[in-house]
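> Protein chains in written order, with the numbering used here: chain A, 315 to 636; chain B, 315 to 636; chain C, 315 to 636; chain D, 315 to 636; chain E, 315 to 636; chain F, 315 to 636.
A portion of the hints provided could be inaccurate.
Unchecked claim - Pair ranges (Cβ atoms, derived): (1) G635(B) - R394(F): 49 to 57 Å; (2) S550(E) - V338(F): 48 to 56 Å; (3) Q385(E) - E337(C): 27 to 35 Å; (4) D525(E) - G553(F): 15 to 23 Å; (5) L413(D) - H467(B): 43 to 51 Å; (6) G436(C) - S437(B): 33 to 41 Å; (7) E374(F) - Q389(D): 18 to 26 Å; (8) Q492(F) - E337(C): 52 to 60 Å; (9) T466(B) - N631(C): 39 to 47 Å; (10) S437(B) - K465(D): 54 to 62 Å.
To be verified - Below 25 Å or equal to it, Euclidean Cα-Cα: the simulated DSS-like pairs (lysine-lysine) are: (11) K373(D) - K339(D); (12) K339(D) - K364(B); (13) K383(A) - K373(A); (14) K373(F) - K398(F); (15) K373(D) - K383(D); (16) K347(D) - K339(B); (17) K347(C) - K347(E); (18) K398(B) - K373(D); (19) K347(B) - K398(F).
Keep in mind the hints are simulated off the structure, nothing from the lab.
For every residue, glycine included, the Cβ atom is placed at its ideal position computed from N, Cα and C.
Protein chains: 6
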Amino acid sequence: MTLIRQLSAPDEFVGFYLLKELEVKQTNSTPAKDYFDIVLCDASGQLPAKYWDVTVTDKETFLPMGLVKVQGIVQTYRDRLQVKIMRIRKAVEADGVSLTDFIRSAPIRPIDLVHTIKQTAGSIDDPDIRTIVAYCIGKVEEKLMHYPAAKTHHHAYFAGLAYHIVRMLELGEFVCRQRPFLQADFIKAGIILHDIAKPEEMIAQLGIVTDYSVPGKLIGHISMASSWITEAAIRSGIGLESDTVLGLQHLVLSHHNLGEWGSPVQPQTAEAVALHHIDALDAKLQMVEDALDTTPETEPWTQTIRGLENKAIYRLNPGNGQ
Amino acid sequence: MTLIRQLSAPDEFVGFYLLKELEVKQTNSTPAKDYFDIVLCDASGQLPAKYWDVTVTDKETFLPMGLVKVQGIVQTYRDRLQVKIMRIRKAVEADGVSLTDFIRSAPIRPIDLVHTIKQTAGSIDDPDIRTIVAYCIGKVEEKLMHYPAAKTHHHAYFAGLAYHIVRMLELGEFVCRQRPFLQADFIKAGIILHDIAKPEEMIAQLGIVTDYSVPGKLIGHISMASSWITEAAIRSGIGLESDTVLGLQHLVLSHHNLGEWGSPVQPQTAEAVALHHIDALDAKLQMVEDALDTTPETEPWTQTIRGLENKAIYRLNPGNGQ
Amino acid sequence: MTLIRQLSAPDEFVGFYLLKELEVKQTNSTPAKDYFDIVLCDASGQLPAKYWDVTVTDKETFLPMGLVKVQGIVQTYRDRLQVKIMRIRKAVEADGVSLTDFIRSAPIRPIDLVHTIKQTAGSIDDPDIRTIVAYCIGKVEEKLMHYPAAKTHHHAYFAGLAYHIVRMLELGEFVCRQRPFLQADFIKAGIILHDIAKPEEMIAQLGIVTDYSVPGKLIGHISMASSWITEAAIRSGIGLESDTVLGLQHLVLSHHNLGEWGSPVQPQTAEAVALHHIDALDAKLQMVEDALDTTPETEPWTQTIRGLENKAIYRLNPGNGQ
Amino acid sequence: MTLIRQLSAPDEFVGFYLLKELEVKQTNSTPAKDYFDIVLCDASGQLPAKYWDVTVTDKETFLPMGLVKVQGIVQTYRDRLQVKIMRIRKAVEADGVSLTDFIRSAPIRPIDLVHTIKQTAGSIDDPDIRTIVAYCIGKVEEKLMHYPAAKTHHHAYFAGLAYHIVRMLELGEFVCRQRPFLQADFIKAGIILHDIAKPEEMIAQLGIVTDYSVPGKLIGHISMASSWITEAAIRSGIGLESDTVLGLQHLVLSHHNLGEWGSPVQPQTAEAVALHHIDALDAKLQMVEDALDTTPETEPWTQTIRGLENKAIYRLNPGNGQ
Amino acid sequence: MTLIRQLSAPDEFVGFYLLKELEVKQTNSTPAKDYFDIVLCDASGQLPAKYWDVTVTDKETFLPMGLVKVQGIVQTYRDRLQVKIMRIRKAVEADGVSLTDFIRSAPIRPIDLVHTIKQTAGSIDDPDIRTIVAYCIGKVEEKLMHYPAAKTHHHAYFAGLAYHIVRMLELGEFVCRQRPFLQADFIKAGIILHDIAKPEEMIAQLGIVTDYSVPGKLIGHISMASSWITEAAIRSGIGLESDTVLGLQHLVLSHHNLGEWGSPVQPQTAEAVALHHIDALDAKLQMVEDALDTTPETEPWTQTIRGLENKAIYRLNPGNGQ
Amino acid sequence: MTLIRQLSAPDEFVGFYLLKELEVKQTNSTPAKDYFDIVLCDASGQLPAKYWDVTVTDKETFLPMGLVKVQGIVQTYRDRLQVKIMRIRKAVEADGVSLTDFIRSAPIRPIDLVHTIKQTAGSIDDPDIRTIVAYCIGKVEEKLMHYPAAKTHHHAYFAGLAYHIVRMLELGEFVCRQRPFLQADFIKAGIILHDIAKPEEMIAQLGIVTDYSVPGKLIGHISMASSWITEAAIRSGIGLESDTVLGLQHLVLSHHNLGEWGSPVQPQTAEAVALHHIDALDAKLQMVEDALDTTPETEPWTQTIRGLENKAIYRLNPGNGQ
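Throw the hints in and build the complete structure from the sequences for me.
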């Protein structure tokens with residue numbers, strides 16, 4: 315089976331792909347005829363496709379986010395590759411293919427990511443912090459296995475959120491070693507909790523965010539996580555006025571650093587300052603890495619990246635211009 | 315007993331006043347001698363005062379925010395009035411004077427303000443909203459009797475917060491009549507809850523804020539009130555995901571309108587839009603009214619007002635310039 | 315006759331509608347044929363329509379903003395309703411239909427709105443203020459009967475400006491009762507004058523703004539209204555340096571509050587502060603009300619609203635999520 | 315008579331100076347004694363001075379902005395020069411000294427500046443523009459002889475406003491020659507009118523602004539000048555809707571370029587774009603020139619200049635660092 | 315031969331034009347056929363054109379930025395003129411036409427512009443400044459003959475950069491006469507050097523910028539020019555710490571005035587303040603002049619201009635509205 | 315010898331201290347007498363001190379930044395400690411005390427810091443990068459032994475710059491291990507070069523910055539370092555257009571991330587993005603650490619920190635509020 319990234323015109327091919335998008339359109343002819351305007355994808359990339367002479371049954375059979383077996387031809391249309399689909403059918407259980415094989419995902423298995431997060435949570439010394447962190451993980455544990463960290467900004471793929479947390483935990487551990495005055499318990503907790511409500515803020519399927527939820531819009535993940543901490547403390551009998559609860563809520567509430575970036579308070583503990591900058595460092599570098607990964611190696615510049623002041627990234631080559 | 319506002323040089327007077335500020339200073343003479351640099355106030359205003367030849371006992375006897383009986387002379391020093399204190403003693407119970415008579419306060423009795431607030435809370439139709447509002451009032455009911463609405467910005471006096479809420483409730487009632495599509499329960503609740511955590515955000519005595527509390531700085535009154543709603547819902551068995559809870563939290567979280575003004579989310583319900591503008595209208599007009607009240611009527615301009623783009627307010631007199 | 319809002323596919327219908335927009339387009343066939351790409355509307359809403367096989371006479375007969383009688387079929391095209399027009403003719407006098415029945419307009423009759431405005435203007439005690447207000451109303455009285463308050467922002471429909479003024483006058487009356495230190499004459503005058511030059515700033519037909527006028531662009535409605543006050547004072551022999559004239563000009567000039575919102579000075583009288591916030595409260599709530607009114611009741615969210623930080627409004631339903 | 319700039323410690327001197335500032339202060343001794351804390355100035359600069367053992371008569375005799383004859387000694391106090399006044403008396407007519415000899419003023423005689431302005435105004439071809447410009451000059455002609463262009467920003471001295479206008483007229487003439495598509499009449503008129511209302515916006519004496527006027531604060535010089543154009547047109551029977559009036563008002567209203575700098579509209583004619591940049595070029599360079607002129611030549615850096623992003627100006631010396 | 319600007323429907327014409335843009339598109343018919351979507355231009359303007367029934371050879375023959383001979387018919391398509399090309403062939407040497415006759419360019423011959431720049435550079439008195447300026451001109455002298463000053467902002471045409479420099483030199487000379495404290499050598503040098511690296515920042519052909527270069531993006535023309543001064547000083551043995559080198563680098567680095575406009579330092583010498591404002595005055599007026607030149611004289615408004623706060627320019631006509 | 319931090323009233327003590335600040339003042343008595351207003355410091359902190367009855371010789375003997383031996387008494391003056399100096403003399407060689415023992419400095423020996431920097435520079439694989447880095451270090455190697463990283467912002471003490479670089483190198487090494495797509499040579503070089511010109515931008519003594527240099531103000535350390543790279547490349551024959559030189563200059567120029575923070579270009583290589591965030595993380599955490607170190611452990615809040623949005627830092631204590 316050929317990967318999307320490996321197809322070139324005028325290949326003929328047969329394979330399984332994900333119908334990432336599907337729209338029914340009409341030709342300009344009289345009478346107009348229906349056709350499918352499709353995006354096919356696998357984990358290596360995606361391509362537009364057309365399927366002509368669509369039947370009424372087809373329109374009921376093929377839906378976005380379903381797996382299909384396709385026989386097609388690769389053509390060039392206005393300088394871009396496009397697939398003309400000759401035959402198409404839905405994948406069935408006997409085909410032995412799985413949705414998750416066809417989507418972009420974190421480079422580490424979700425189960426390992428969640429394991430690392432839970433293990434780190436368990437290593438927190440302070441019993442109250444440990445209890446609260448465990449409670450919050452419990453609310454989204456299943457979604458942590460597949461949710462992205464954002465709609466498009468960064469780590470926007472299967473298990474991207476868990477991957478972001480794990481990389482930040484590595485950084486956090488290093489920074490705590492370098493600066494022992496930081497309280498490691500709060501750093502670990504802050505990293506795990508800072509985006510913990512994102513799976514309830516967004517509605518995602520297979521790592522792709524389709525919308526924000528009503529609580530996501532009206533409350534936002536920052537205030538939601540803060541409320542979860544209140545909830546955890548009440549359920550566990552931890553004092554709501556304790557420095558433990560205040561410190562955890564402060565970490566979550568301040569981690570976007572500025573009001574215009576969504577934080578109602580600015581970092582005012584050492585750990586909150588550290589959390590914001592660890593988050594920024596990891597998110598920005600991941601944007602760069604993702605952009606480079608999805609740009610052909612022959613291209614010196616990536617697409618522009620919204621989270622990086624709308625700049626593109628250039629591949630430095632010390633051999634150039636010598 | 316003469317009111318502060320009525321004193322003029324070279325009056326000699328005797329009366330009870332509040333020692334609003336007191337600092338021990340030293341003269342430049344050799345050897346240096348201690349004296350008191352004092353601010354005397356009553357509900358009508360305040361004046362600087364000096365008390366010379368302070369004894370060790372005096373320094374232990376007289377403390378800020380205490381009531382005193384003063385015999386003094388009003389003098390002019392660099393174009394401003396100043397009191398030279400001849401005799402001073404602490405007020406005693408037999409004097410029959412009460413602290414609250416000497417401070418600036420809302421023009422309506424605190425007990426009536428709180429009564430109005432509780433009555434309005436009780437008139438909310440929706441039982442869940444009514445329960446949550448009552449719970450939150452319960453947390454600060456005693457402080458509502460005397461807390462100001464802000465440190466200096468607006469309603470910065472005894473029971474200023476309760477007064478602000480009551481005036482907003484009047485406005486809210488009018489707006490709901492004018493625009494029946496607004497849900498009155500949410501408007502009432504939003505007005506009562508929007509600043510309900512301010513008494514825990516600030517540390518105040520007699521209507522004067524001396525500092526912000528630790529939770530006030532790390533969490534802020536907006537997120538604190540949002541957590542109280544969570545707490546109220548848990549304690550009362552109201553669903554945390556219900557539109558009732560979301561709607562109330564959204565009102566509180568969004569009432570500052572913009573991120574740079576402290577709101578993590580922007581108004582996205584009709585009632586939240588109304589709440590922000592009712593709050594703004596009442597707070598800004600009160601700033602104007604307070605500035606005009608504390609400016610002598612002969613002065614055409616007030617002091618500049620920080621909350622009004624640092625502008626002073628001019629008293630229009632349609633008779634001028636004709 | 316069926317209202318636009320009530321049509322659904324595959325209805326066949328006959329009725330009178332307004333040709334809100336009409337563009338002549340060409341088919342892709344060879345030779346290309348002309349057709350009309352149309353927007354039909356009535357007071358309840360609007361629908362796209364196509365009229366095929368257009369003749370040369372048709373192109374001269376049918377023009378935007380004209381009333382037509384249409385026989386058509388409602389179809390679904392790419393998930394949206396669209397009318398296929400079978401027959402069309404211009405409405406004639408004998409049809410007894412009137413343009414104003416087919417457009418969106420304020421919920422109160424224009425004649426009543428203008429009557430209220432003039433009555434309030436007449437109730438101003440100060441003769442100079444009353445004279446100036448009457449003079450300015452006189453300049454646009456006819457246009458007040460139908461002009462919108464803005465191009466798209468708020469009250470963007472027939473007599474929207476007069477409606478905005480009337481609702482603000484209600485609010486202003488309430489606020490003056492609540493805060494007697496405000497001078498009611500200036501509040502009434504400020505409300506009536508603040509947008510009084512908008513009909514000269516914009517070019518509108520049937521409540522729909524098509525462009526800004528040259529003075530509208532070069533001077534703007536704020537400075538235009540300020541000049542009208544100068545003009546009124548000169549014509550009526552009122553002193554240009556009087557507090558009356560200064561106070562009225564200040565109300566108009568400052569009512570957008572900030573330089574970046576178009577006000578060359580910031581509010582510096584009590585009445586100017588009140589005017590800005592009364593204006594904001596009414597305009598923002600009307601945006602919300604208009605958005606909710608034009609959103610099907612089954613939709614929980616409206617479209618995004620530019621004047622509200624580009625946020626959509628959510629319909630809170632206390633029954634949800636219980 | 316020695317110029318202020320030429321005095322050094324421990325000179326003894328006698329001469330006439332201007333009492334620019336005078337404050338009565340008290341010594342710390344017991345009993346306190348009154349003394350004068352004074353600023354003496356002449357056209358070359360200013361120096362602080364002290365006059366001890368002040369009598370009651372002295373306090374009535376000596377007032378700020380009066381000319382005095384002084385016998386004094388120059389001393390060094392904390393690294394700065396200060397005058398100890400031994401004898402002082404008011405200047406009398408017989409002394410033959412004139413206030414204007416003692417203040418900073420434009421380098422060209424006011425009468426010549428105003429002459430140039432009026433001559434240029436008279437050279438305007440278009441009769442309506444000429445009429446309006448003459449009318450506006452007429453309103454402030456006497457004040458043009460001595461008003462500064464700003465409180466502290468630039469040209470803050472005797473006849474500074476007229477000087478600013480004249481230099482801009484020179485620049486404007488050059489730019490019109492360089493770019494003939496510009497209409498010279500509008501350029502001349504725009505330069506003369508752009509700040510023409512400043513003498514009514516500010517209250518100044520001898521080129522020193524002490525405050526802003528009530529119309530200055532409530533309306534601002536930009537809108538005031540715009541109203542004067544309206545007034546001129548009405549009085550002269552020129553159409554208020556003519557391009558002439560619109561064009562002149564637009565020049566005045568837009569010359570600060572941005573809303574946050576006080577312009578309610580942005581430049582939208584060629585001449586308005588030119589006016590803004592001619593104004594900026596002249597004002598900024600004058601700030602630089604004034605700062606260099608009042609900095610001793612041995613100092614490489616001037617004081618910081620608020621209108622130049624709070625930067626100081628460095629004197630480049632191509633001989634340095636070779 | 316007819317100029318583009320003079321063509322109107324339904325002219326038939328033959329002439330030479332520049333193929334400014336050319337895209338191969340497909341018709342909607344089955345089977346789809348290729349056609350050319352073309353922009354034809356000459357120095358007077360441009361028009362869209364279609365060429366149907368394109369052959370494989372055509373697709374290899376016709377490329378953007380080539381000269382062609384065209385026989386065509388002018389048609390009206392959706393209210394705009396469009397050319398239907400009947401016959402087309404590439405221009406050959408025997409046709410005697412030259413690319414540069416068909417593009418927009420500065421109104422003065424490039425050779426004369428560069429001559430003026432070099433002559434002014436030669437007139438600099440200070441030998442070090444003269445040397446450095448000559449060195450930098452040397453790096454781009456050939457490109458100065460044709461490079462534009464910007465991609466779209468201003469002077470975006472053949473030799474636009476040299477033209478901008480020459481006009482600024484005229485202004486600079488005038489300002490130095492008006493304010494003799496300015497050091498003319500630095501003014502001349504600053505004007506010549508301020509944009510001197512633009513030809514290396516951008517990639518342009520025939521005065522049209524197609525992209526930014528890698529150094530242009532990573533370093534920017536401001537820092538590039540600063541490095542060239544370093545380079546010139548090293549190669550010529552001029553002290554890198556001298557006021558000469560600092561002063562020149564400061565002129566270049568600060569000429570955008572603010573950090574958000576790309577200047578790492580703000581103007582801190584008299585000449586740097588002058589340079590920024592001379593640059594602004596010339597660039598903004600040229601934007602206005604270019605917009606007016608390319609707008610038909612019958613149109614009262616130009617297109618909006620990005621560099622002028624996105625405002626359009628209005629042609630004032632003192633005869634209007636009388 | 316007692317450390318400053320350990321002194322309390324009414325201690326009598328003798329010891330060596332640094333005269334950090336010294337001002338000659340006059341008493342208010344008649345005649346006025348000179349006294350010294352002094353700040354004494356050692357590496358543990360600082361205290362104000364007074365020395366009365368100063369002689370003419372004293373004024374010539376004692377200068378700021380000199381070491382002195384002091385016999386004094388600790389007193390309380392207005393709630394703060396203050397030293398009354400009984401005897402004072404300059405330290406002499408025989409005292410065996412060294413200035414550097416009395417100032418705040420990095421927690422690692424300067425010689426070790428510079429060694430680490432040079433060793434890392436030597437470990438760069440690419441010979442051109444290695445050469446350029448070595449050249450730039452060579453320009454400031456001596457100053458690297460003692461310069462602070464900033465005037466007040468962060469690392470504002472002896473060898474603070476070298477310490478900042480070393481900590482960043484540790485972080486950089488970790489990030490390169492975590493994300494192997496980063497080019498370690500550029501990361502090392504960027505960290506060493508990003509602030510390398512600060513010692514020429516500022517004038518410092520003993521780790522205390524007293525002013526900015528002329529090149530520091532006119533060019534700034536960012537552009538200075540960029541020029542040094544040009545210089546290094548020219549002197550070493552490395553191509554100025556090579557990716558090596560562009561990449562290094564880009565790292566330096568972009569490391570402040572935004573124009574308003576002083577960077578003329580924004581990060582556009584992976585390494586530049588990393589550099590900015592490594593710099594931010596280290597600088598911000600050092601601000602926090604320094605603030606906590608200089609705040610008594612009993613104080614829950616530090617002073618406000620300008621570089622952290624003017625917020626103070628709170629010491630979380632998980633035991634509080636339980």
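> For the pair supplied as a hint, K383(A) and K373(A), confirm whether the alpha-carbon distance does not exceed 25 Å.
16 Å, holds
> Between the alpha carbons of K373(F) and K398(F), is the straight-line distance 25 Å or under?
18 Å, holds
> Taking 15 to 23 Å as the stated bounds, is the beta-carbon spacing between D525(E) and G553(F) within them?
Holds: the Cβ-Cβ distance is about 22 Å, inside 15 to 23 Å.
> For K347(C) and K347(E), compute the direct alpha-carbon distance and say whether it is at most 25 Å.
19 Å, holds
> Verify the proposed pairing of K373(D) with K339(D), using a straight-line Cα cut of 25 Å.
11 Å, holds
> Holds or violated: 39 to 47 Å for the Cβ distance of T466(B) and N631(C)?
Because 40 Å falls inside the window, the suggested range holds.
> The hint says 54 to 62 Å between S437(B) and K465(D); measuring C-beta to C-beta, is that right?
Holds: the Cβ-Cβ distance is about 55 Å, inside 54 to 62 Å.
> Is 48 to 56 Å right for how far apart the beta carbons of S550(E) and V338(F) are?
At 50 Å between Cβs, range holds.
> Range first: 43 to 51 Å. Now tell me if the beta carbons of L413(D) and H467(B) are that far apart.
At 46 Å between Cβs, range holds.
> Quick one: are G436(C) and S437(B) within 33 to 41 Å, going by C-beta?
38 Å, holds
> Is the straight-line distance between the alpha-carbon of K347(D) and that of K339(B) 25 Å or less?
21 Å, holds
> Take a quick look at whether K339(D) and K364(B) sit within 25 Å of each other, Cα to Cα.
This hinted pair holds, its Cα atoms lying about 18 Å apart.
Of the numbered hints stated above, none is contradicted by the structure.
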